[in-house]
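Colleague: Add chain X to chain P, keeping to what the hints say.
If you're matching them up, the sequences are chains P and X in order. Here the working numbering is used: the first residue of the first sequence is 1, the next is one more, and so on. Here the working numbering is used: the first residue of the second sequence is 91, the next is one more, and so on.
No lab work stands behind these hints: they were computed from the structure. All figures in this text were calculated on a predicted structure; none of them were measured in a lab. Idealized CB from N, CA, C, for every residue including glycine.
Pairs of lysine to any residue, SDA-like flavour, derived with a Cα cap of 25 Å:
(1) X:K252 x P:V29
(2) X:K252 x P:Q74
(3) X:K252 x P:L45
Derived coverage of chain X by chain P (criterion: at least 3 residues anywhere in the stretch with Cβ under 8 Å from a Cβ of chain P; other residues may be distant):
(4) 233 to 244
(5) 277 to 288
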Amino acid sequence: MGLIDYFRSSTESNKGSASVAKERLRILVAHDRAARDRPFYLPKLQEEIVAVIRKYIAVDDDAVSVHYEQEDRQEILEVNIILPEAPPQA
Amino acid sequence: MARTIVITSGKGGVGKTTTAAAMSMGLAQRGHRTVVIDFDVGLRNLDLVMGCERRVVYDFANVINGEANLNQALIRDKRCENLFILPASQTRDKEALTQDGVGQVLEELAKTYDYIVCDSPAGIEHGALMAMYYADDAVLVTNPEVSSVRDSDRMLGILSSKSRRALESEEPIREFLLLTRYAPERVTRGEMLGLEDVQEILALYMLGVIPESKAVLNASNAGHPVILDQESDAGLAYSDMVARYLGEERPMRFLDQERKGLFSRLFRG
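Bound-form chain X, shown alone:
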């Protein structure tokens, strides 16, 4: 049975699209048929991060409006044959995604795919509500920073009151925490909330910690999901995150700053 995963946060710029791209690629690389959907109507970006922006012909809204069928709109990833991308519409009509329309598309996709990854727009408006409405699982992308943590908590409230599972009194959405842009050396210095701090406040299962990394920008510049860069800390951290999502035990990595000796601190610090 297909599982629908929403990548959400409330706050913008925390790494939702980076995560949606990495997670969907990770799932597909492990042999699961995966589709990743951009719900950010009017601000389509997932295609850029996935590197398929020039292959977009039809989009999500076209499918909902019956202007194209799903197979015409889905873009097969060139690096992994199990991965498909459904791009967002660039229309300025924010209501382009109707609840019934989204439901029908997801139902159709569930027949062929194992995982449906929904990349939510920021905020708590229509697009974000549509992205989470049908979710079975939610990944709350959170930066170790006050406004992001608060917004993630707000989002938890919305998931537990406005989602289909909540409204139909079904088993609740499984909620996972993903900490991104983590800077271990700043945590050590007491300047940044640590993993335990955020976990204590939000009380969610920690799916992973992605370190602040140059590899993320390099990857989006090139249109490669960062998980493909297995030389990088962020790429490896995303691989761990996908493994944990699939139920494997993986110790957290990249939580410690590189230890500098006293001399290097004094002379280079």
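Only chain P is shown next, with the shape it has when bound in the complex:
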């Protein structure tokens, strides 16, 4: 390996693959851990809430978000429903 290649390889192509790995893992592990701590019935709950709301209002699948958080001795279940912008015609 020549001198120029040596400097090039150590400054460009190789640098950073570990930091990319770390960033990807950080996100993935946080996501996995959040999913792990959630009660098992959450997806089903979300599905049924959407179904009930749909009886009255036409909402998209992704208009309902169910958020679960756990702090020491407190569990928070947050249900967020985004209603369509235009009010349904009377």
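Modeller: Chain X in isolation, oriented as in the chain P frame:
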């Protein structure tokens, strides 16, 4: 009171059996009565790494099925009188290890041994679940590589939901991280996750860093746990790891690449 330690990882090929062999030998050499159990039903390998493959008569499944008693199945290590090996069964019946059967064998072993080291198979199937179910401590063998780190994290989730301690709401399993196949020069070059990176992601107590080493293959070729090779970096790193497990303070070694001068880099690099 006996402590049951599971050597686990989720991912295969990261060094579980090497670690189980080294750790059990290390504990035994320090005077603790130790038994190491191979849970990899159908793919028995610990006996090879320990160098006692020709002395296997009965195995773990034979004991559970009442076809042999524990003393008939246990193999005493020829190098260290405190160490015994319980080999896995080569049966293709993956369910050969029942939960109750494993529990009874471990309970029996706990009467005589200080440490029971369980070498888990890869994956999250029955054998891996049986290996970790009764554990008091877990060593998560992890390579500095994305899939291994992720699988170790998955395993942490399983330990905290499917183990006996979790299900019976007892004090949780003590979880330790062991980084293996570590290549300091690649970490320096930014090509490999470093010790701090992995520790930050998994947030576990770091039991040790085992450098990538030729000594590991040489040791398994010969059937000697690598910890017996005290000339090698890996052997010394495993000794440190055992000491830390027993509560001693040891600085991490083998984290720096050998420093090469500019001239040697230019002319030999």
